[in-house]
Every structure is written in C-alpha cells, then in structure tokens.
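Residue numbers (the working numbering), protein chains in the order written: chain A, 506 to 830; chain B, -11 to 249; chain C, 23 to 417.
These are computed hints drawn from the structure, not numbers from a lab. Each residue gets a CB set at the ideal place from its N, CA and C atoms; glycine is no exception. Hints should not be assumed to be uniformly reliable.
[To be verified] In silico DSBU-like pairs for lysine-lysine, Cα to Cα no more than 35 angstroms straight-line: (1) B/K180 x A/K692; (2) C/K392 x B/K180; (3) C/K210 x A/K795; (4) A/K692 x A/K762; (5) B/K180 x C/K415; (6) A/K795 x C/K392; (7) C/K151 x C/K392.
[Unchecked claim] To give an idea of the chain C side of the interface with chain B (calculated C-beta under 7 angstroms), a few residues: (8) Q42; (9) L44; (10) L45.
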Amino acid sequence: MAPRILVVGEVIDGAMSRLSGETATMARLLAGAAGGSALGLVVDPSPDAAAAELAAYLPRVDAVTALATAGETWAPHALAEIERLATDGVTHVLLGVTADARDLAGLIVGRLGWGLLANADKVTWDGSGPVVEASVLGGKAIVRSSFTGETGVITLRPGAVTAEPAGAPGSVDARAAGGSPAMPVTKVLDRVAEAGAEASLEEARVVVVGGRGIGGPEGFGLVDDLAEVLGGVVGATRASVDAGWIAYARQIGQTGKIVKPALYLGLGVSGAMQHRVGMQSADAIVAVNKDPDAPIGEIADLLVVGDLFDIGPALAAELRARRGG
Amino acid sequence: MRILVLTKPVPDPAAGSERLGSDLRLDRAASPTVVNGNDEYALEAALQLVEAHGGEVAIMSMAAPNATDTMRKALAMGALRGVLVTDPALAGADIPTTVRVLAAATAKETFDLLLAGLDTSDGTGGAVAAGIAARLGLPLLSAAAAIEPDPAGGTVRVRRLSARGYDLIEAPMPAVVSCTQALGAPRYPSLKGIMAARSREITVLGLGDLEADLSPADGAWATRVIAADPPPARAAGRVISAPAPEAAREIADFLADRRLI
Amino acid sequence: MAAVSTNPPVHGSIRLTEDQILLRDAVRELAQEQVAPRAADIDRAAEWPEDMRRLLAAQDIFGIAFAERHGGLGADLLTLCLAIEELSRACATTGLILAVQSLGAIPIQVAGSDEQQERWLPGLATGEKLISFGLTEAEAGSDASAVRTRAERDGDEYVINGGKRFISHASVADYVVVFAVTNPEAEKPSRRMSAILVETDRPGFKVTRLEHKMGIRGSPTAELAFDNVRVPVGNRLGDEGRGFSVAMQTFERSRPGIAAQAVGIAQGALDAAAQYATERRQRGKPIAELQMIQAMLADMDAATEAARHLLYTACQEIDAGAPDAARWAAICKLVAGDAAMRVTTDAVQVFGGYGYVDEYPVERMMRDAKITQLYEGTQQIQRLVVARALLAKRS
C-alpha cells in the first residue's frame, strides 16, 4: 500500500501555525521520497483560512468545520476525522508537537493501535518507512527509530525542517464534521489568556533564562530587556518558578519545556541537571554567574563570571550600541 | 472518591546514569529507580483530593517485578494499595501495548478519576493517558494544573495549561486526567506513612489475569530503535572574568562570531 | 564482682534492622533536601527556625522518641539517634530540636504516672507542643545537686521561686521540666529536689534573656525567672525528693542524643572537606591528591566512624537494660564530642583560608561542634562517670 501521510494542521487565531507549515513541508518531502502522497486536515469551527494557508504546502487539504470544537476539547473531534481518513488509505499521521497534538497522538494509539514516534528532530524515508531521529533520556542519547508495520504516528519538533510552500497550491475540500466522536467529549467552559504565557519557548530562536541568581520577580525585568534586544523569549528555571517569580509556562527543564534555540543565555542559572536536560542541545550557550564552578559551565560555550546585575545591563547597552541604537 | 494513579518506575534522572543497553533498549538496571516525576505530582493531587472529599487512592504500575520497592514510596505518601502488572512478555513493550495492557488492568478497577503524569522522563511520548481514555471510552482532561471534582454532581473540572494561559474544561466522571508539575510539589512520605506502607497490599497481575487481546497484531512491537548515538560532543567552553563593560564586549563579540546578532 | 549485663553483649555485631535503615534513609533524604539549604541562614539569623520544627512535626519525626500508645512511632533509642545524626549532619540546630524534645520528655517517660504520660506525651509526640529540660542554674552546672530554685508546698500547689540558666528552647516551649528543691531539710543534697512540669503560660514564669552563642545559634538558650509560679502538685513527676535521680536517669537516655548530634556534625564536616578536596586545585591538581590532606581526611573518617559505632553500641546496650547504662551514655558522649571538635577543626584546616569565612559551611560546623563538649554534662563530668564505673569494678 502506497504511503499516505496526513498532516493535521493547527489553527491559532484563525490562521495556520508556523509549526504546521514545517510539518506539512516534512510530509510533502517524505511523500516524495516514498513515492506516496500527502494531504492535510484542519478541524476547527472556522477552518477555511487556515486550510487555504496549509494548501500552499500540500496537494489537498480537508477543511472540516467542527462547530463543536468551539465549546469542546479538540482532540476527540480530530480523532473522529482521522478515523474516517484511516479507512481512506492514510498510513501515517504527522503532527507538530503541541499540547493538543500530544493528546491526539495518544487517542490514535488507543483507538487504532498505531505505534508512536514522538518529538522528532529529523525524519527521513529509508525505502520502507519513516526513520525518526529524537533525543531521549534528557539528551543522553540520540536514537533513530522506525515503525515495524505500515502505519504510525509521528510528532515533530519545531525546527526539524524549514517550511517551504509547494510549487503550486493544492486544493481545499471543505466539509462539515461528520457526526459525534466515538469517545466522550470534554466541555471547554472558558479559555483564559494569562500575561506572560504567550510566546512559544519551543519555537524560539533565542531564549534568555532567569535562574535563582535573579533573586526575585523584579530581576526578570533585566531578563525581559535582554530578550527584547536579542529578539528572544524569556524562560526560567525550576528554582525561579518554585519561588513564584514567574509562571510555570516559562519553565525549561525536565518537568518543563525542552528547547533547542540557536542561542541560550542564562542569567544566574546554576545549571542543575533538571534544567540542563531542557536546554543542553542549544546551538550556543552563554551563561552569566558569579560562581565560576557553577555546573552550567560544563556545557556553556562561554561562561562569564561576575554579577549579572552589572554584566546584564552592560550587555544590553553594548548590543543596542552595535545595533545602532 | 476513588482515585487510581498510574505510577511508572523510571531510572532516576538525578542519578545521571540513564542509558540504553546494547540491545538499544533502556537499560533499567543501570540506575536506581524512582517514581516518574510527573506521576508524583498526580499522586499528590490525588491525595489532596481524598483529604478534601473523602475516599481512597490506589496506584497502578506496569513494570518489572522489582517495581514493588518503588511503589512502596508511593504507598508511603498515602496511597492505600497498589496493583503491579508484570509479565516477562511485556519487557520493552511499545506504547500501543502499554496502552492496551493498562486499559485492561484499569478496567478491572472502579474509580472516579484515573490520573497519570503528562509524560515520563524515560519516554516523553506522553500518549498513555490519552490512549487509555480512548480505549476505555472515558473523557480525557489533559495537562492539568488544577483538578476540581464535584462528587455530588458527578463531574470534574480541570484547569488545562495552554499556550496562552489555561482553559477551564469539564467532563463527567469517571474521567482520565493527565497531570503537570503545576499541581504542586509532592509531599515527602512521613515516617508513619513509611511504616504503614510496609503492610499495604500490592496485588500482582500477569498478562493471564487480564482479559483482552494484548499481544501485538503480528507479534512485533510497533516501533523499534535502529541506532543510538551519544549527542554530539560540545566543544570546550571558555570562561571569562572581567569588569562588566569588557565582559559585555566579549559576549557581543562571541554572538557576532556566531551570527547571532 | 564485675558488673555484667543480664543480656548477652551486643557490641561487635551492629547491624541495623530494615526498619532502622528505612527510617534513617527517609530522614537523611529530608535533611539533605529540605534542612541543609536552610542551615547557613538559620545560623546567620540566629533565630528559632519554626519552619524546621513544622517540618519535623509534619514528617512524624518527633514521633520517633515516643511510644505508639502516645501517638509516636515506638522506635528505639538507636533509631532516635540515627534521626538526630542525619538532621545534625545537615544542620546542628535542627538536630537539636529533636534532641531537646526527647530530652525534656524523658522525665515524664521514666517518672511520670500513666495519667501524666497520657496528659502530656501525645502533644509532644506530634510536635504540636515543645518541652524543655530545666535543671541548670547560674550556680548549679556540673554540680547539679546545688540547685536552689525552691518549690514550696501550699495546699495542693507548689509555689516556685528561683531562676534557671542555659535552658535550651525554653523561650519557645510549652512546658519546662523544672528541678526545684522541695525537701530542703533532707540530709543528702541529692534528695532535696523534685522534678515538676511547669506550663510556660503560668503567671510568674518569665524568660529574662537569651544568650548570644558561639554556635547552634538558631537554638534559643534561655535564662528563666520564676516569681511565685503556682503549679498543681499533680505536675510533679515521681516522688518528692527523687528529682536528682530522675535527672540522672534522664541523662542515661539523653546523652546518646548529643553524641548523635556530634557524630552528625562530624560527618557533615567530613563530607564538606572531602568534597572540597576533590574540587580545589593547586599546582594543577586537586588537593585531594596530596598525602597531608589524605592523612587528615583519613583521621577524620576514622574518628567519626569510631564515635558512630560506639554510639550505636551504647544505644543497644542502654535499650537492652544494661546496668552500666550510665557508663555507656557517658562514654559515647565523651568520644563523640571530642571527635566532633577534632573533625570540624581539621575540616576548616582542609579548606585553608576559605574554611574561615562563612561562604563555606565548615566554620559554622566548628562553632557548632564545641557545645557537644559542654552541655548535657561537660566532658569532665563524662570522664568522672566513666572512671567511677571503671573503678567500681575493681574495688
């Protein structure tokens, strides 16, 4: 059976997410290598705009209007559509790693019994199926895995591929969601936006982190400033989160988020293992700490020993000067 | 309330000695075992819920036979009994099999809530809770930062962490809830808890005790590891110690060299 | 005729039971993760660490020293000492919280009636109530029988007048076991006093000052004044005139607790010094590779281990009802206190100049260690007890 790779797109504020563009590109490349086909699926109360964007990457996108997902969690509804498409020849489902995708991947495993290869940093096609490369055990090993059968679910990390539209846009098939999901739904009573929860750490190219040495919530003003001048996102260690200085959504580490930015700048971060597993694959690691023996020094490309409250502002000033104000 | 918490014994991440064996599967003997971090948050949430609403907490693990030691720590925190699903055939089981087995085992239990950590430090697929919900036909409430059951009304509300903040979601019980660190730090087992845990019951189930078609369809796990390599070595770093303006210049030079600014 | 224990001697065969290991490891984990990070601040602030008291209460650690029927864990003396040792390894002040609570409770346990035990011990077992041991006075330190605080009988009450000095934790305690003269006419000085439990909210009880100390600075050491403090006769523990005996019986079980504190302090200092030696580099190598450092660390380890094993043996002998329990209590406290002082002094030496500054923990540990040679009977008193027992076998 020829591989048929389904990309489930993610809708943010009515538009397609950047991660969905990458995932769709990956699906197209794999389908090409496999001599198979790729298609997209958008499930949303108003899927048309996002589906049109996704169609720039794929030959066909199903835009499913699921009004119920305005007031119910998304994954069971997406599952219902995928079950429909599975009978229509879909062999692999490709999802960008998000909270909803994690749920959907699990639902597919439960309902269809497919295998799951998660958190892929790289996917290639080796003749019989996808080969997924992922980092495991907190970064201790990079494993390459494959499915033993003809089907499977893959979740893809941001940055695994650069999003690239296809030569010509594909078609959009619009339809209404077909009936209720096979599993019980969960109602969404409210969606609350919290300040500081927005920008995605996992997709950020630059991450600036405040650790215990920041000393308090006010210290994050400096972290914000450096993030701003570097065009990055603010992150935190577990120490800062436990101390109540910043939201858990910002936490990088074993029980927080795993990030692989081009630049990680840590201020007052000691580099406990808990945190390191969340950032040690960053391309460049710079740390400012008053302790020359801080464990972060073991993985930092540049460890700057000194007071972060002197060096931080000096750095911000220097970067602004070089930028030209 | 009756709450069942899935607790997975994993190699202790703090020990730093996790590794894959020569068969490219996790070498579970290489490190001391602890309860998976996120499962401890789930267990703590469960204990607080029965303290508030009455009831009891039980734990369940699918693991090697020596998992009883690790389960004792969860019992010492206050869970009243444990169930260990163990069978040589399950060594190295893939995610679909884990889901099928745990679904079959939890189906034998009565509960209002089934809690599990969002993911595990030795896996990170994070699919098991959702898979069990799908298989048992129970509602899924994921990424919980707060859990508020209404036993009288038979529903549960969860604050679900989202990219923008949180969603307030609700479903009838029994339900499956996957749990995050935001629920709050797990308690240390008290000494009385430790002593009591020694006599609490851990029921051991083998595959033969579970009714379901559990063997993988064609006898093989759904996924396999082809190769494993250590991460690329980082080049040795530099340490600088200089007055702030000079240090700032050095950092900026470094960033410029790497085309980061 | 040589004094012989009626039970077979157990020394030479110390094996901790599974329960003891379980409890020790639980306290060790708690101490390393929750207590150790607080130790430097507790010393610097020199204030009672209420959060540590709550932690010990929440984890049932106070319960180790109490029988199950009083809400405790019913654990033995060795288990209590294991807990004190592990806590003291992280923070000597926190270890002392447990040690003082068990010290204050012993008079109730050895001399109190069933009713008195039921009245006071359960609250102490949970750590909800705190208790202090009020024997020492300005003029009655090593000479305990020189106590002058008076408790005069008036109807069904005692009226207590006098003062106490160097009473650990009395400023935060709910009860103080006060040793006061009730029988001034008694011929032998050691028959003149009684042990009386005084609730600290009684009118006339006052904490008049707190000492500023070299070490264990988070532990409040109080001077007390009793100004016509009235307590019911029912608060007296044991018979009138038996107070001195109650105190001596208490020391048999409380001195090992101080030995445990000393062993813990020594171990903490050894851990810090050994770690430092592997990290500190001079002339291109860790100082741990230098023989002079190795010799010091080895001697520190030997001294700590020897003190530990003597302590564990003493605990087992005392719990087995050895008639020479007083000698065991004194000998283990003597050896452990001297070991702690020596090991912490050497630990500072290993650190060199850095050992003298408060950025590193060993200077605090050295200051903390000194008290183990002074309280609960000075080393000189311990020597008198040991010598007396030794020579009694020969006379």
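Against the structure, the hints:
no.	hint	in the structure
1	B/K180 x A/K692	violated (41 angstroms)
2	C/K392 x B/K180	holds (34 angstroms)
3	C/K210 x A/K795	violated (65 angstroms)
4	A/K692 x A/K762	holds (26 angstroms)
5	B/K180 x C/K415	violated (43 angstroms)
6	A/K795 x C/K392	holds (33 angstroms)
7	C/K151 x C/K392	holds (28 angstroms)
8	Q42	violated (12 angstroms)
9	L44	holds (6 angstroms)
10	L45	holds (6 angstroms)
Figure legend: structure checked against the earlier numbered hints; hints not met, in rising order: 1, 3, 5, 8.
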